[in-house]
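Student: Make one complex out of these two single chains by using the hints.
Now for the letters of each chain:
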Amino acid sequence: MENFKTNKLKLLAFGLVAERMNLSSIEIEDIYTVNELQEWIVRAYPQLKNVKYSIAINRKIVKADSAIPWGAEIALLPPFSGG
Amino acid sequence: MNRFDRQINLRGFGTEGLAKLQKASVLVIGAGGLGCPALQYLAAVGIGTIGIMDGDTISLSNLNRQILYGESDIGQKKAIVAGNNLLNKYSDIKIDIITDYLNTNNALGVISSYDIIIDCTDNFTVRYMANDACALLNKPLVYGAIYEYEGQISLFHAENDKGLSFNYRDLFPHPPDLDEIPNCSETGVIGVLPGIIGTIQAAEAIKYLLGLGNLLVGRILYFNMEQMFFYEVDIHSQQELTAYRPKSGAEFRAFDYSLSCAAVPVIDWNSAYEIFTLNPDKSIFVDIREADEVPRVNHVKCVEYPLSEFDEEIISFDDYSNLFVFCQHGIRSVRAVSLLKRKYTEKKIYSIKGGVMEGNSPIFKTTKNHA
Chain R
358 MENFKTNKLK LLAFGLVAER MNLSSIEIED IYTVNELQEW IVRAYPQLKN
408 VKYSIAINRK IVKADSAIPW GAEIALLPPF SGG
Chain Z
13 MNRFDRQINL RGFGTEGLAK LQKASVLVIG AGGLGCPALQ YLAAVGIGTI
63 GIMDGDTISL SNLNRQILYG ESDIGQKKAI VAGNNLLNKY SDIKIDIITD
113 YLNTNNALGV ISSYDIIIDC TDNFTVRYMA NDACALLNKP LVYGAIYEYE
163 GQISLFHAEN DKGLSFNYRD LFPHPPDLDE IPNCSETGVI GVLPGIIGTI
213 QAAEAIKYLL GLGNLLVGRI LYFNMEQMFF YEVDIHSQQE LTAYRPKSGA
263 EFRAFDYSLS CAAVPVIDWN SAYEIFTLNP DKSIFVDIRE ADEVPRVNHV
313 KCVEYPLSEF DEEIISFDDY SNLFVFCQHG IRSVRAVSLL KRKYTEKKIY
363 SIKGGVMEGN SPIFKTTKNH A
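One line per chain: the protein sequences are R and Z, in this order.
If you use the numbering used here, the first sequence corresponds to residues 358 to 440, in order.
If you use the numbering used here, the second sequence corresponds to residues 13 to 383, in order.
Hints in this document: simulated from the structure, not taken from any laboratory.
Computed from a predicted structure; not experimentally measured.
Glycine residues also receive a C-beta, built at the ideal position from the N, C-alpha and C atoms.
Careful: at least some of the hints might be erroneous.
Okay, the calculated bits of chain Z under chain R, using three or more residues with CB under 8 Å as the criterion [unchecked claim]:
1) 45-51
2) 133-142
3) 180-186
4) 237-246
5) 312-319
6) 357-369
In isolation and in its complexed conformation, chain Z is listed as follows (with noise of 0.2 Å):
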């Protein structure tokens, strides 16, 4: 008896199945709250050889769905952390623990050390990226998202029965701007969506490995856990969407895929105090929160621009050079900062982190002079 004898009884499965798992590598980039449930079931099927790649430390509000982790943990790598946890569970796979993120220069010899490559990232800015470096190595990338209630799964980089292979660009061949996404981590979540999608990712590289059953290439699966459905959509494969990534290993280090929140200068409370009371003339604080929204800041170099009613057009700065822009938790805030770049591309724009939550500055304890 050993303890794959439940999945060796299987059909389609068997010692050949397994064989192929303890041989097989496995690449989860992320380890968050796709990476945690992809991660478990992979080292609990068997897989021989497990990367995991996560640049993060774990902190408290991850642990409602990052469920590898607990409260002794905080503060430590995931990747370490993830990676002992399983070691721990399995005395016969073999992990290997990637500490830094993904990035344009690691990505093309992490990924090609692998079989399959899981995508369990946050962020848009690394999703193409581990798109393009797959579709360079030619590797099978098992995708996956989410979005508040619903969760979004595919497989691309690998042929189906007619030797076609679909890649994200072609549904979305280019990333958002930066101001159409929502925010890049803080979305609200409840952890048994990313467990559904995080699991639903681990099955696809499984059954890939196994070359069991029909795999999610040239389509997409949509879900949504507030009504629970599935929502399956073909995907086309547009070969002249080639154009938009780089096509040798060169064009990859170059390519700027910093289109996401690394794009908006984050600083803290301190931070921008510091700079603010260098050139208090020429700087501003900008609250862009709702009128509603306490606690106020009553600072004299303190305006307020509810992002509700916020029009870049109308708005003027020009009499400064250094904008604080914050909002509550910080969240909001790289939104108004990429609008407003747009429209002064020469002035230094920040989004203050943590918003007034964090609130731990000189300029909450002054208030303004009220004529």
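So here's chain R without its partners, still in its complex pose (with noise of 0.2 Å):
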């Protein structure tokens, strides 16, 4: 019954994010909002303070004040240059 209570979301990151995050996806709690998310990421990730990315919640590109669903799929997703 504990589980049924954790708001648990999958994090998926790209490109560069994933590189300096050193994984492409983890399972993280209790994040509400994508002001919530990105102070835990910097706060988690410091490597990322500077990386530009958009987020994306379950396959949308979401703002910054935007609200995070219960179980949602968070992407961070930095542009590409290469070609």
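Tutor: Below is the structure:
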């Protein structure tokens, strides 16, 4: 029953973000807004401080003040430049 | 029987589809890893006029992925070799060869002559420039870009069934700062990855011209070759972001896009040494390689600050006017220069082209006097 109460979110990282985090996917808990998410990222991964990326929640790009639904899939999407 | 029989027989294509493509014109900006496969398929499908725009020349390290070129083409202009290669294969298409890079002076003129543009460039400067030019001219732009084993593709400035269009700045309003970019053109790459992404770009351009199927409008497709999956994300049109891009031709021509490598002066070892000898007291070489990278440089006017420990707040070059920053290949040094330029806006800070691996300088031949 404990698990039932935990808001588990799946965080996916792409490109340079994944490289800096040294992972492409991680489970995080109890984050309810994009602002909270960004604060958590900077605390947990200070090496991402200056990296620009878009944030998608359940496969839609969102703005900084958006809410994050329970159990959402979050993606950190940096621009690529190579060709 | 003609060379288009198999596609004429395809559902949704037909002779009408072929006629549309033969009347169409497509501009491919950048004839490199993305541009080569895109160009090959656009020519094969019978696009009437294909513009190939690239100011670069072919080098040996291009050949693992830039499949229109071979060993005998090294040193020649990419646009010319690519164009001649395609004309030798297909006599029924027209090719415009443009041996210039896209810039704010030529962009609007060149882009306005084509029906659809494909962004196959390799740096943020030209990507934002192409996006903003296409926004001004209302030209559809097939965006594609790669990073290591990943790629991303979208179709900007084309309307979806609700009449909405999207652009690069909806996703990424501003280019990253220079020091956020791992490097400009020398990240490792395996040819099949740009082959896949460039081919998808060509597919979207062909579909757009045919009016076929669902286009990548309002969504961006990420591809990861290492884990082998696609990931699709919906984009929101952010009208307020139009403020970030130029609103007229005059504004566009005056707009400063120089945020990428062009913003960091890059010089070769010989030029660096010439400047150094003119004012040796005020000049210093800065080795930002890690301690285990060889060969080491033991010149008396060379200091070591490994990039992994780089802290521009602590590093002090107050006594010097000219800094020559180098690494192993001239990639990380660009990032280090951009970091140092934040602190020292007045100093002349250079990144040395090719780094130690291109090493050919008197500074390698002198040894430091170890006390």
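Student: Are there three or more residues in the region 357-369 of chain Z whose C-beta lies closer than 8 Å to some C-beta of chain R?
Tutor: violated (count 0)
Student: Please check whether the region 312-319 of chain Z has three or more residues whose CB lies within less than 8 Å of a CB on chain R.
Tutor: Since three or more residues must qualify, the claim that chain R covers the region 312-319 of chain Z is violated, with 0 doing so at under 8 Å.
Student: Using C-beta distances, would you say chain R covers the region 180-186 of chain Z, given that this needs three or more residues below 8 Å?
Tutor: holds (count 4)
Student: Counting residues of the region 45-51 of chain Z with a beta carbon closer than 8 Å to any beta carbon of chain R, are there 3 or more?
Tutor: Held - the region 45-51 of chain Z has 3 residues with a Cβ nearer than 8 Å to chain R, which meets the minimum of three.
Student: Three or more residues of the region 133-142 of chain Z near chain R by CB distance under 8 Å?
Tutor: That given contact holds, which follows from 5 residues of the region 133-142 of chain Z lying within Cβ reach (below 8 Å) of chain R.
Student: Verify this for me: three or more residues of the region 237-246 of chain Z with a beta carbon less than 8 Å from a beta carbon of chain R.
Tutor: Three-residue rule met by the region 237-246 of chain Z, so holds; n is 5.
Hints 5, 6 from the earlier list are contradicted by this structure; the remaining hints agree with it.
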